[in-house]
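Residue numbers (full-length UniProt numbering), protein chains in the order written: chain A, 1 to 399; chain B, 1 to 399; chain C, 1 to 399; chain D, 1 to 399.
Worth double-checking, as some hints may not be accurate.
Identical chains blur together in the list; that is why a pair holds if it fits in one copy or across any two.
Within a straight-line C-alpha distance of at most 30 Å, the following computed DSS-like cross-link-like pairs (lysine-lysine) qualify [what the hints assert, rightly or not]:
no.	residue 1	residue 2
1	K14	K324
2	K324	K285
3	K46	K14
4	K50	K205
5	K205	K14
6	K14	K50
7	K324	K50
No lab work stands behind these hints: they were computed from the structure.
There are 4 protein chains.
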Amino acid sequence: MDFEFDATTEDYRKRLLAFMDEHVYPAEAGYHSDGWEPPAVLESLKVAAKAAGLWNLFLPGEHGAGLTNLQYAPLAEITGRSPAIAPAALNCAAPDTGNMEVLAEFGTPQQREQWLRPLLDGTIRSAFAMTEPQVASSDATNIGTRIERDGDEYVINGHKFYITGAMNPNCRIFIVMGKTDPDAERHVQQSQILVPRDTPGLTVKRGMTVFGYTDGDHGGHAELIFENVRVPVSNLIGVEGGGFAISQARLGPGRIHHCMRLIGMAERGLELMCRRSLARAPFGKPLAEQGVVQDWIAESRVRIEQARLLVLKAAWLMDTVGNKGAHTEIQAIKIVVPSTVEWILDKAIQAHGAAGTSQDTPLAALWAAARTLRLADGPDEVHKRSLARRELNRYRSRP
Amino acid sequence: MDFEFDATTEDYRKRLLAFMDEHVYPAEAGYHSDGWEPPAVLESLKVAAKAAGLWNLFLPGEHGAGLTNLQYAPLAEITGRSPAIAPAALNCAAPDTGNMEVLAEFGTPQQREQWLRPLLDGTIRSAFAMTEPQVASSDATNIGTRIERDGDEYVINGHKFYITGAMNPNCRIFIVMGKTDPDAERHVQQSQILVPRDTPGLTVKRGMTVFGYTDGDHGGHAELIFENVRVPVSNLIGVEGGGFAISQARLGPGRIHHCMRLIGMAERGLELMCRRSLARAPFGKPLAEQGVVQDWIAESRVRIEQARLLVLKAAWLMDTVGNKGAHTEIQAIKIVVPSTVEWILDKAIQAHGAAGTSQDTPLAALWAAARTLRLADGPDEVHKRSLARRELNRYRSRP
Amino acid sequence: MDFEFDATTEDYRKRLLAFMDEHVYPAEAGYHSDGWEPPAVLESLKVAAKAAGLWNLFLPGEHGAGLTNLQYAPLAEITGRSPAIAPAALNCAAPDTGNMEVLAEFGTPQQREQWLRPLLDGTIRSAFAMTEPQVASSDATNIGTRIERDGDEYVINGHKFYITGAMNPNCRIFIVMGKTDPDAERHVQQSQILVPRDTPGLTVKRGMTVFGYTDGDHGGHAELIFENVRVPVSNLIGVEGGGFAISQARLGPGRIHHCMRLIGMAERGLELMCRRSLARAPFGKPLAEQGVVQDWIAESRVRIEQARLLVLKAAWLMDTVGNKGAHTEIQAIKIVVPSTVEWILDKAIQAHGAAGTSQDTPLAALWAAARTLRLADGPDEVHKRSLARRELNRYRSRP
Amino acid sequence: MDFEFDATTEDYRKRLLAFMDEHVYPAEAGYHSDGWEPPAVLESLKVAAKAAGLWNLFLPGEHGAGLTNLQYAPLAEITGRSPAIAPAALNCAAPDTGNMEVLAEFGTPQQREQWLRPLLDGTIRSAFAMTEPQVASSDATNIGTRIERDGDEYVINGHKFYITGAMNPNCRIFIVMGKTDPDAERHVQQSQILVPRDTPGLTVKRGMTVFGYTDGDHGGHAELIFENVRVPVSNLIGVEGGGFAISQARLGPGRIHHCMRLIGMAERGLELMCRRSLARAPFGKPLAEQGVVQDWIAESRVRIEQARLLVLKAAWLMDTVGNKGAHTEIQAIKIVVPSTVEWILDKAIQAHGAAGTSQDTPLAALWAAARTLRLADGPDEVHKRSLARRELNRYRSRP
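Go ahead and model the full structure; you've got the sequences and the hints to work with.
Written out as structure tokens, the structure is:
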């Protein structure tokens, strides 16, 4: 047992921290989108990140930086300190990361050439269209969208919403989850298929806000209508019925990334809370000397340390025993990290007074992001129930 | 001791509930402001409210409906079920209510004629400019804005922010808090003065968002700059040095109103949580039969009942022993109600999944309003400290 | 709506507060039972209470003081400040109160003569034997104990535990709940029957501790074995099959009493927390000036105020619309009061350091009592589920 | 970074788990002390532990098993599953462990011969007398006990309480903390000195209970009076003025041990909660299928995993950078572990109903132990304040 980062990780951390100071934080002041697409400055940040060798860090294997989950996790944490900018600047932003992983692992050479290459180059964006308005997002087997074969084409009909990134005009390709065979066994009914944005019959109906935010930095969340959308059969990813398995494969790394970025958000919130507490002295006494504020700061530090270790252990398990062996821990971090970080950001907001709820600090937007992650991939409650069942199973057969 | 509403209250409740069904809820779908002013439909709602005899209910005495705090409180709760519409429709929205109370109690006949009358008629709106960016809003004695006499005029210089309603172009008059004598005893340094919106030197600099929302339904929150703003001495409210006392006087009723509207918001959230739980059945079982959701519902009901009784008792105390005698209870409701309601709304959001965070339900906006009230009039922590000191004082002199 | 106590209540409160000062608090220091029966000093306190006209206050109607629930509730609160002594001194201690209510309402003249009279006189104690080790105490319909008619006798067989007061040798009579007809409809299978302590076949097996305490002040909690215990048919209370209904009837007042005593316990805890905070100054600063301690004190005050109002409203509802009409509120106070009071006592203990966990303050024993009440009459979770279902029912039939 | 135990640890874990199954759990049923000394069966368990090579595992260096903190921590966790028996059986129980560490590191050859040897052999017990009734236990610099030199002797006068283990007649030696020079600089006023139990002038006044428990398994907690107690100067440990430094040295390992045992207690509680939930089905549905119980189980698992990792990291830091470098983490585990474990045990109790509060499960006693550790070595709040200050210091000098 050893709690030290390896040399590769430390080297990347050092360079990434410098990049944050030099490029990312200075860009924050001007980085705000009222609409549905990222600010123009993002393009120059991407150029700088490529030049600094900080590009596609998330992706293991030949197509990316080749880091393990345990090596990438501390880097994802650092990007989470400025989550609207840094992940996109480094081409490490969701949902593109998951889509690139899927194409790298399951895509045909043609699919990789056509879609993975521009995604890896950062010239286009993508979205993953799974969630539906009439179906609990936690229950993927219930999806209503149909993908029906008709000769050399698949015909797609369905209704999706909360599709992250889809309002961005530069989002050129959707990976769509739907049912190719509703009568098959429960976990092989679904397939995933590539649908270019400009395919006839696909309507990006509207953007959906998140607590008043458009989330325009990555294009926001869209409602999509698929009406007799036709794509060639070569657009299918993997095999018919493989959609559920592919979506499970992307879950593990995605949760590590999300959770480590959340840790970074919490660190940012804690830093802002400390700085504000030192700077403000209502009633003649710095907030930093108020017992209640000290309690928030101490609790925040303690909770961050615990949460980070659990995420790192989950990453280590994924590297050593695989997605399946890390199941409990991956579920555990999904349960504990968003709510923990939400709590810390709430206290940071409180320490800032009204300003903490406004556009004058990043805190309110960070909070909204953390809050939303208590729901993304299914509400925490569903994951708790599942984790509890596994815990109980340990005792079912033992007297 | 008796927990039944009197006949007057019951009569108003009945009529107001009918008004909500007939006018307010139907208006909700179309009631959304992307900008900084209320939707046009508000004007027709105001006509309907006047016709229904549901106008200026908040105001005791001859200028208003003449209700006690205890009689008005349950009506404020009902308007809180649709807080973006109902209070404004009934001319019972903050901060106009407090401003009207101040003008009715402390205004000169001329001030009442010029500003109270159009406010009572609902033809203009107003704002209360106290909070400053460099000063803790909980510490009114620290205010930096200067109000200096120069012949027949006062000259105002200062910087205000988070001034609710000030972005609304129909907000024609500001009551501004500033110091007329910084060298006087601590609580008589401040004065309040009327400043029309179009006075030279007054700049409405920008709107401030709240968790991404403009709060445009009542005009949003503005940052204001006062640079050598000149108004006639007759614009002073009350006497020089009376500003702090006037602001204390408005606090009591304001908190009752806010807290009762919050109770209404919580009831709305609980209703939506129940309806959603009955309607959705992920994994084949209605949410309403999930133990965790039942726990949220029961906790919500129990917390609402407790909080409501405490607000009603505070209102009763204000009516029977006055603002000062009700001090502890007024502080207690400020401490407990916003955080309680925030908790309930959070659970209602969780029961709705991603949709709960979007514009498709009122929940996210209600949540942001409740969250903000944990900071308005000073953060909860300041009020807890003050209440604790009073509690401790009971034992200081007793062995 | 009116939040003032009536004159009768105020008169009793005044006299009871004087009795506490004169008799109860001074007795606390010497009042400790290592074994299973109350200290001898209790008898003289009972004499004093009778003399002061503070006897059987709990009992409405001709047999007792004739107070309403709303009148008795504030008196129960006061006795709760010293719950090991005051309720027993005033002959208002559970489970005798419930047993006396049952005998007064459902007993035959002979039963009343034989058992109610000495209970009213305070010469004997009693217990209520319902809970069983193999059955969830929240599910009364599941009870395993059998009461079978055999000629002029009933024969009782069963196993009970956690029977409060039964270890006290002065506990002369048990009211036993069991099934007379296991095949009848679910709520008419049970009956209640009087079993004198010395009946052959009844074994008081052992005392059961509560967090290390014997709870010896009222005799502790016993495990009982009934083996062919025979009593005359005249010992049946009410009719065969009436047991469930009788047990429901005693629940309402019992919960009011328990909850109001808990409020008194919380007030005691808060007082001790305040006094300790003023008296101790680790690191040179009184605890009373520590922000975190102030936060505890303020939260305690606010929670107490809310909880008390809810219990008083439940009492008022019982008086005005009856046990059934007050169902939701009676359940609500069972849910909220024990956990609230437990929280307050935990903070009071923390403010006392190690001493707070020892016999040197009443806090640890008060805490154990509050903790246990989260389980008595069924765990909170069962009551929450039931309350949630009623809440949900409001929306089942309404679109 | 690597989360796997090394081979030595795994070997010890395997043998210790077998010892628990073979010797410890079977002894639990009969292991209960009503008085102030451990049950007689303990002696045979000690023989078995020695035979199994599971003796003095806590002690690094030549005198003990020579394990690092990181190697011993997982073993301490296992002993925590039966904390009244296993630590004492393995001669790894507090406060002897800390006393042995102190004697091994700071004792003279004669002190080691006279006291360390029988302690290592398990033939006597010891206590550490620091806490005083009039001084916050978190503020060691405030201690009132005097240790004054008089020729070849030291004369000790003072008042101690809550001295763990001191009621055990087999506790033969006290390490007493007192002031040799009250006028010296703050951290060199104190010294530690050995005082045999039978020294004239030392009175073991009474035992102090903890939530009704005597904690008799290790001898309970005593109040001690020192009146002109004389010991030879050779009884001083280290140098005059070295007492504070010595007490700091023992803190680090002590917290690791306590916290890892607490993790084991939590695992035990979780196991009992799971087993009970599978076994009981009130209202016809196993508790294990109740959503609220599943929520408890999942939360418990997630909290345990996080807490364990933080304690292990603290142990690793102690091994790699020393007590001082691990300061933040040692404080962090003191803050988070007892309250986390208390929460889990509370839920386990709740799942057991009334039985959970009684002597029929170990849960209530485990709970009392965890609760007390929120106070031992100073209340959590003191540690939070200190940790917060260190966190704030990171930003004091950085703009």
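With identical chains treated as interchangeable, where does the CA-CA distance between K324 and K285 reach 30 Å or less: within a copy, between copies, both, or neither? between (52 Å within a copy, 27 Å between copies)
- How would you classify K324 and K50 at a CA-CA limit of 30 Å: within, between, both, or neither? Cα proximity of K324 and K50: none, with 33 Å in one copy and 41 Å across.
*Homomeric proximity label, K205 with K14: Cα distance no greater than 30 Å*: For K205 and K14, the Cα distance exceeds 30 Å both inside one copy (43 Å) and across copies (41 Å).
For K50 vs K205, is the C-alpha pair at or below 30 Å within one copy, between two copies, both, or neither? neither (34 Å within a copy, 39 Å between copies)
Pop the pair K46 and K14 into one bin, within, between, both or neither, using alpha-carbon distances up to 30 Å.
This pair counts as within: shortest intra-copy Cα distance 18 Å, inter-copy 52 Å.
Q) Within a copy, between copies, both or neither: where do K14 and K324 come within 30 Å Cα-Cα? A) Classified as between; 26 Å across copies, 32 Å inside a copy.
- Intra- versus inter-subunit Cα pairing at 30 Å for K14 with K50: within (16 Å within a copy, 50 Å between copies)
Checked against the numbered hints listed earlier, the structure breaks hints 4, 5, 7; every other hint is satisfied.
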